[in-house]
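Could you put the whole structure together from the sequences, leaning on the hints where they help?
The listed protein sequences correspond, in order, to chains A and B. FYI, this note's numbering numbers position 7 of the first sequence as 7, with every residue one higher than the one before it. FYI, this note's numbering numbers position 148 of the second sequence as 148, with every residue one higher than the one before it.
Errors might be hidden in some of the hints.
[As the list claims (entries may be wrong)] Far from chain B, some chain A residues (derived; all Cβ distances over 10 Å):
1. 42
2. 91
3. 175
4. 259
5. 371
6. 417
7. 445
8. 468
9. 484
10. 494
11. 524
12. 561
13. 638
[As the list claims (entries may be wrong)] Which stretches of chain A does chain B cover? Using the computed rule of at least three CB atoms under 8 Å from a CB of chain B, they are:
14. 16 to 23
15. 267 to 277
16. 547 to 560
17. 676 to 683
[Said to hold, decoys possible] Subject to a maximum C-alpha distance of 27 Å in a straight line, what follows is the list of computed BS3-like cross-link-like pairs (lysine-lysine):
18. B:149 / A:517
19. A:583 / A:661
20. A:568 / B:146
21. A:661 / B:242
Read the hints as simulated data drawn from the structure, not as lab findings. All residues carry an ideal CB built from backbone N, CA and C; glycine is no exception.
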Amino acid sequence: MEMEKFSYDNRIVRNFAIATVLWGVVGMLVGLIVATQLFAPVMNFANQYTSFGRIRPLHTNAVIFAFVGNAIFMGIYYSLQRLCKARMFSDLLSKIHFWGWQLIIVCAAVTLPLGFTTSKEYAELEWPIDILIALVWVVFAINMFGTIFKRREKHMYVAIWFYIASVVTIAVLHIVNSIELPVSFLKSYPVYAGVQDALVQWWYGHNAVAFFLTTPYLGLMYYFLPKAANRPIYSYRLSILHFWSLIFIYIWAGPHHLLYTALPDWAQSLGTAFSIMLIAPSWGGMINGLLTLRGAWDKVRESPVLKFMVVAVTAYGMATFEGPMLSLKNVNAIAHFTDWIVAHVHVGALGWNGFLTFGILYWLIPRLYRTDLYSNKLANFHFWIGTLGIVFYAVPMYWGGITQSLMWKQFTPEGILQYPNFLETVVKLIPLYITRAIGGTLYFAGVLVMVYNLVKTAKQGQFEDNEATEAPPMIGDHSAQTKHKWLESRPGKFALLSAVVILIGGLVQMIPTFLIKSNIPTISSVKPYTPLELQGRDIYIREGCNNCHSQMIRPFRSETERYGEYSKAGEFVYDHPFLWGSKRTGPDLQREGKKYPNLWHFYHMADPRAISPGSIMPAYDWLFTQELNTGSTESKINGMRTLGVPYADGFEKSANEELMKQANEITQDLAKNDIRVESNKEIIALIAYLQRLGTDIKGESPVIK
Amino acid sequence: MNLKIKNTLKFLFLTFAAVMISSASALFAQTVTEPVQAEMNMNTYYIIMFVIFFLLLNLIFIPLMKSPKTAEEISASAIAQKKLIGVLTGKIIGLQPIEAEKSLLLDEDYDGIQELDNNIPPWFNILFYGTVIIAIIYMLNFHVFKTGKLPFQEYNDEVFAAQLQRDELIKSGAFINETTVELLNDPESLSAGKQIFLANCVPCHGENAGGTVGPNLTDQFWIHGGGIKNVFKTIKYGVPVKGMIAWQNQFNPKKNAAGWKLCTFASGNKSC
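See the structure below:
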């Protein structure tokens, strides 16, 4: 048969590799800073651009979308060309994809510290950037499918199945979760409110973990692990079963992030049930990975690449077993809102994503530069210090999470909370936060060693942009032995089928929650926010308060004793977006309204430690000097009305008048205590919002049978 | 060597089975009507104990299998062991001997990567279909037969139980209230009260009770009435409109305990 000559585009792979390493260093460094802020508030650097609430999203976005994102593209652009025996569909699209993605990252790195955020976790970027993401993703999809369609290999290898499912699903997730109404350039409100917004957000958040951090990486594992070990994949049949079951079941499990919340019970139960079923499909990948190494364990001892991969796959197995366990209601009752979850995600992030990326880089860079790795010794050192880093990170966080949760729940024999002061449970964690930062430092040091090693490797090698190769053209024979083989040679149908499979779960959960009224019982006393409160709420969002404070009192006696009546679905109908939070570094704020006088909030925001000695909350000096932007009130009221919030017609015209009236009331109250502050300062709006929180149904007695 | 690997695998499998069983039991323990708190801790405890128990069992079990006396016994037990392991690996773990690999190789190769046509491990199927059954039972339990308690039902039970316990304590006279409280003036009570004041009240009333956010407690005026009984009431129920929070859920109202001492301190500062 005649061979066709062509070349692989290695330049794009190398560019993504450089971006991976660069953003990895940046993202982890920011992570280290936020970790330090939790025991040394001085590390907030006393300015708004580096306060915890603003740069914690910067850390998560940087490591997920910049570090892991670029690593995914690096791995796909390398493996896809070789698995398809074809050059990428279009060099131009590759370039647009690369630079477009870096542009998105830079936009994120600029806008997040400036306080432009939607508050929705891992989807914080504002609407113009959301559109840019969608466009770049489409470019990537065209480039990828174009390559697959012009492939010279008849069947698509399992890695490509995972790539296809990831690309399709991420597009669906991103678009559905980002439907928002712009009220200005860089400010928008999501079309969903309260419970519905929470459901959509955690359908997205959970499946971003699934289809950004998991399935693309499984695809990478299916290529790079057998390549590095030079062993055949253990079981083709297992690949088929675990691929389809994984993508089908994963999408249903989102509500396990919302157990014991105001989400309808049936949706919560579905979240738990599907999480239980998720164990085996997740483990299918681990088994296929580890059993592929059967008979090659002697190589693992020698090769740092394989060592990284083995730990990565093991961390994946641990995290995907822990996930379903955390979805059991009685485990979730302890773990949710605590550092246990932080430990859980970092086993996945540092172990699975981090270590697999490092393994791939150590394997790939010498090949791109046609040389050997500069130093195996340094790579081994990286492996050990990295592993140690993970242990030092995870153990204190598990310990801290359980400790704090048990303290929250502890009653005295007389039925009184043992630790009524939330701060007591925080102070207890300080030594653990310090240990965690040490673990993070070790891990980060390993990464720096890797950077040195890779740079040295590149320097001693010879890079080739276009790697010449040859392959026979694909034969147009469409006979297939099995149905799945038939599907494997039809990428369009394959993509369509995976889209159908992933849409089912989301639709079944969302449609009833949106359409059936009984899922969110209305409460007549719940009213829309006043203009000042609405502005204050947007400041709350801008400062990222939701990163540390939940607004969701769960139905436990320990929580209702501490915070007040548990949260009801009907209370959030005007909350675009919902602000339930996912972590309680500080106490819940759902019933904060009218709990303390205005003056208390005034002092507390200026200097938290003067009011609560030992507090780790940053001070918010700038709220006392910056003027509230009342120019946006009109468009915000209009936007909210469009979304269904019942502001009277024409209210937007008099909204600022009402805003000033309410602000003056607060400043007059403060003046009684000799506090002179102008009504147009941002702090006034924030106080107004905090004083409103949860007051609509305050005083209603809990239902006791 | 091979035997060792098989033993290890078997060990891992049994441990895994233990975890699965114990977690499954925890899954359905949600229906217990005891206060959720204690139940949860006990469940966690049971899971841990279950795992440890199985680990120990395995640690004992494997060496025991390796302690035959005579050569005959050795060979006999080795055969039996091989048989047992063979059955285990064949039926549950489903691993083919590595030598058989060549015959399992599928034709196609992708950039040098080949695939084996190994069966899906039977234990994987057990796990998968097992969890599917558990999930179905889970849904039936909570939403069809309604035998499981949903979060708000758990909560109502929990509050109900706590209320009963509290009623008992009140009846037995374990708590003081605004009618039974009396002023204490001994130095010990005063200093204990001061400690509680410093830990809880300073943010609003100032370090010397001179008042900041909250009113001055050292002058001669009482906004909500003087005397130990009024002061007790103010602290217990708070004055929510003015920002004084109710402390009844935070201070221990047991006789001679914190709440009382605090009142003593607060009212002792000025003439009652």
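Hints versus structure:
no.: 1; hint: 42; in the structure: holds, 21 Å
no.: 2; hint: 91; in the structure: holds, 21 Å
no.: 3; hint: 175; in the structure: holds, 29 Å
no.: 4; hint: 259; in the structure: violated, 8 Å
no.: 5; hint: 371; in the structure: holds, 20 Å
no.: 6; hint: 417; in the structure: violated, 6 Å
no.: 7; hint: 445; in the structure: holds, 33 Å
no.: 8; hint: 468; in the structure: holds, 15 Å
no.: 9; hint: 484; in the structure: holds, 12 Å
no.: 10; hint: 494; in the structure: holds, 16 Å
no.: 11; hint: 524; in the structure: holds, 20 Å
no.: 12; hint: 561; in the structure: violated, 5 Å
no.: 13; hint: 638; in the structure: holds, 35 Å
no.: 14; hint: 16 to 23; in the structure: violated (count 0)
no.: 15; hint: 267 to 277; in the structure: holds (count 8)
no.: 16; hint: 547 to 560; in the structure: holds (count 6)
no.: 17; hint: 676 to 683; in the structure: violated (count 0)
no.: 18; hint: B:149 / A:517; in the structure: holds, 23 Å
no.: 19; hint: A:583 / A:661; in the structure: violated, 35 Å
no.: 20; hint: A:568 / B:146; in the structure: holds, 22 Å
no.: 21; hint: A:661 / B:242; in the structure: holds, 20 Å
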